[in-house]
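J.: Sequence:
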Amino acid sequence: MKESTLVTVVLVGALAFGGATIAGQLSTRAEEQARPEPPPVCTAADRSDLVPETGALYGVNLDGEDRSLAAYAERLGRKPAVSVSFTGFPYDADGAGYLRMAADQVRADGRILLLTLESEGGLAEVTEQAAQELAADLAEVNASGVPVIVRFAHEMNGSWYAWGQQPTAYVEAYRRVADAVHEQAPGSAMMWAPNYGGGYPFAGGQYEAEPGTADFAALDTDGNGVLTMADDAYAPYYPGDDAVDWVGMSLYHWGSAHPWGENELPEDGKFLQQLTGTYAGAGGDDRAVADFYAEYGQRRGKPVAVPETAALYNPVEGGADELAIKQAWWRQVFDPSIPQEYPQLKLISWFEWDKHEVEIDGPVDWTVTTDPAVREAFTAELPDWLRWGPEEACTAPGS
Numbered sequence: 001m002k003e004s005t006l007v008t009v010v011l012v013g014a015l016a017f018g019g020a021t022i023a024g025q026l027s028t029r030a031e032e033q034a035r036p037e038p039p040p041v042c043t044a045a046d047r048s049d050l051v052p053e054t055g056a057l058y059g060v061n062l063d064g065e066d067r068s069l070a071a072y073a074e075r076l077g078r079k080p081a082v083s084v085s086f087t088g089f090p091y092d093a094d095g096a097g098y099l100r101m102a103a104d105q106v107r108a109d110g111r112i113l114l115l116t117l118e119s120e121g122g123l124a125e126v127t128e129q130a131a132q133e134l135a136a137d138l139a140e141v142n143a144s145g146v147p148v149i150v151r152f153a154h155e156m157n158g159s160w161y162a163w164g165q166q167p168t169a170y171v172e173a174y175r176r177v178a179d180a181v182h183e184q185a186p187g188s189a190m191m192w193a194p195n196y197g198g199g200y201p202f203a204g205g206q207y208e209a210e211p212g213t214a215d216f217a218a219l220d221t222d223g224n225g226v227l228t229m230a231d232d233a234y235a236p237y238y239p240g241d242d243a244v245d246w247v248g249m250s251l252y253h254w255g256s257a258h259p260w261g262e263n264e265l266p267e268d269g270k271f272l273q274q275l276t277g278t279y280a281g282a283g284g285d286d287r288a289v290a291d292f293y294a295e296y297g298q299r300r301g302k303p304v305a306v307p308e309t310a311a312l313y314n315p316v317e318g319g320a321d322e323l324a325i326k327q328a329w330w331r332q333v334f335d336p337s338i339p340q341e342y343p344q345l346k347l348i349s350w351f352e353w354d355k356h357e358v359e360i361d362g363p364v365d366w367t368v369t370t371d372p373a374v375r376e377a378f379t380a381e382l383p384d385w386l387r388w389g390p391e392e393a394c395t396a397p398g399s
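If you're matching positions, the sequence shown starts at 1 in the UniProt record's numbering and goes up one per residue.
You may find that some hints are simply not true.
Label pairs and their in silico Cβ distance ranges [stated by the list, open to error]: (1) A124 - G204: 21 to 27 Å; (2) T43 - D268: 38 to 44 Å; (3) G204 - T127: 47 to 53 Å; (4) D384 - N224: 24 to 30 Å; (5) D92 - R331: 22 to 28 Å; (6) A257 - E140: 44 to 50 Å.
Calculated lysine to aspartate or glutamate pairs in the EDC-like style (CA-CA distance at most 20 Å, straight line) [stated by the list, open to error]: (7) K270 - E322; (8) K270 - D335; (9) K270 - E341; (10) K355 - D63; (11) K355 - E317; (12) K355 - D365; (13) K355 - D384; (14) K355 - D371.
Calculated from the structure, these hints are not laboratory results. For glycine and all other residues, C-beta sits at the position ideal for the given N, C-alpha and C.
The whole structure should be built from the sequences, with the hints applied where relevant.
T.: Structure representation (structure tokens):
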């Protein structure tokens, strides 16, 4: 073979080989471009970073047995920033599994888990071991990319829970849990959340403080020998600034006056008046109640949450219609003045349940996404200052 012929053959061969290589590279690049981008990795912020600089986190309290967070987000058209869950405490293996399941849902369709711990067996069961085991579990959940706000034994000033109206034991138990969580789980925060003080001391409950006991004396803040609404409904139960990252208070519209159960429009301004201890209306004169927002949000500088709110609609009663009641309430809850006048209000969570309520011995539909007309009106009026979960789901680190 002549040299010129050899050169030509080599050149043609090289071009053919190079063309095949280029074609292969282009094919590989096209495949990579066609392949969907992996979801981002979840990261759990430090507890101090859970508070939005402006506006308030939007949350939901779902009936987890009947309603999934994914289905709720689809109905709402946005992912809530906070999902509220309940579990008994101390919990067993099933409870630990429930915690992880709730975290998985939040990772896919939310941002923050608000975990409510209910000490159904009483405060004596909140041992150091139980607190340490909880904190270790929360550290794992944080490491998986899900931050947690722990609402420990809420409504402790009420007389209806096994942990109620026991201020000394409550503060000790709360601080035990807070110390463990703060030490082990940097992505978890502690919330202290009493019940609204209107109607305090809620006489007649199974766990009301008895005269002559140390608890009764601690709750008699004005020292007159009786418990009334003039006694501070919040302060005796406060665990201390170092143990509390968030404060919260549930605020519902149950109706105009007790006994509840009738479908009635909420009075103008009721929501903020109850939050600030200035309510006086059809439900009674509650102005003796302390200003929760001023004391704990402003003076102590804590982010304030409303971890449960909704308006009663009884589907088997007459009266005002469902949309009118609920719309009147959410317009107060999301009042345009809140970001400027109540900047410490950092979390508002809707109670999305349809359930039998013992207080009225009947059904109550608290939801705003079940009825299409209510859902359409609700989603149309959600304000811009609410903060939501990320649009895209994330995955646990290392998964």
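J.: All hints, please: hold or fail.
T.: Comparing the hints with the structure gives:
1. Separated by about 24 Å at the C-beta atoms, A124 and G204 satisfy the suggested range of 21 to 27 Å.
2. A beta carbon spacing of about 43 Å between T43 and D268 agrees with the range 38 to 44 Å that was offered as a hint.
3. Between G204 and T127 the beta carbon distance is about 31 Å. The supplied range of 47 to 53 Å is therefore violated.
4. Evaluation of the 24 to 30 Å hint for D384 and N224 yields a failure: the beta carbon distance comes to about 48 Å.
5. Between D92 and R331, the C-beta spacing of about 43 Å breaks the proposed range 22 to 28 Å.
6. Range check, A257 to E140: about 47 Å between beta-carbon atoms, so the 44 to 50 Å window is met.
7. Taking the CA atoms of K270 and E322, the gap is about 18 Å. The hint holds against a cut of 20 Å.
8. Between K270 and D335 the alpha-carbon distance is near 11 Å, which keeps this suggested pair within the 20 Å criterion.
9. A C-alpha spacing of about 16 Å is found between K270 and E341, which places the hinted pair at or below 20 Å, so the restraint holds.
10. Distance check on the hinted pair: K355 and D63 sit about 9 Å apart at the alpha-carbon level, within 20 Å; holds.
11. Distance check on the hinted pair: K355 and E317 sit about 15 Å apart at the alpha-carbon level, within 20 Å; holds.
12. Only pairs whose Cα atoms come within 20 Å are accepted, and K355 paired with D365 is accepted, the gap being roughly 6 Å.
13. At most 20 Å may separate the alpha-carbon atoms for a hinted pair to count; K355 and D384 exceed this at roughly 30 Å.
14. Restraint check for K355 and D371: the C-alpha separation of about 15 Å stays at or below 20 Å, so the hint holds.
Checked against the numbered hints above, the structure violates hints 3, 4, 5 and 13; every other hint is satisfied.
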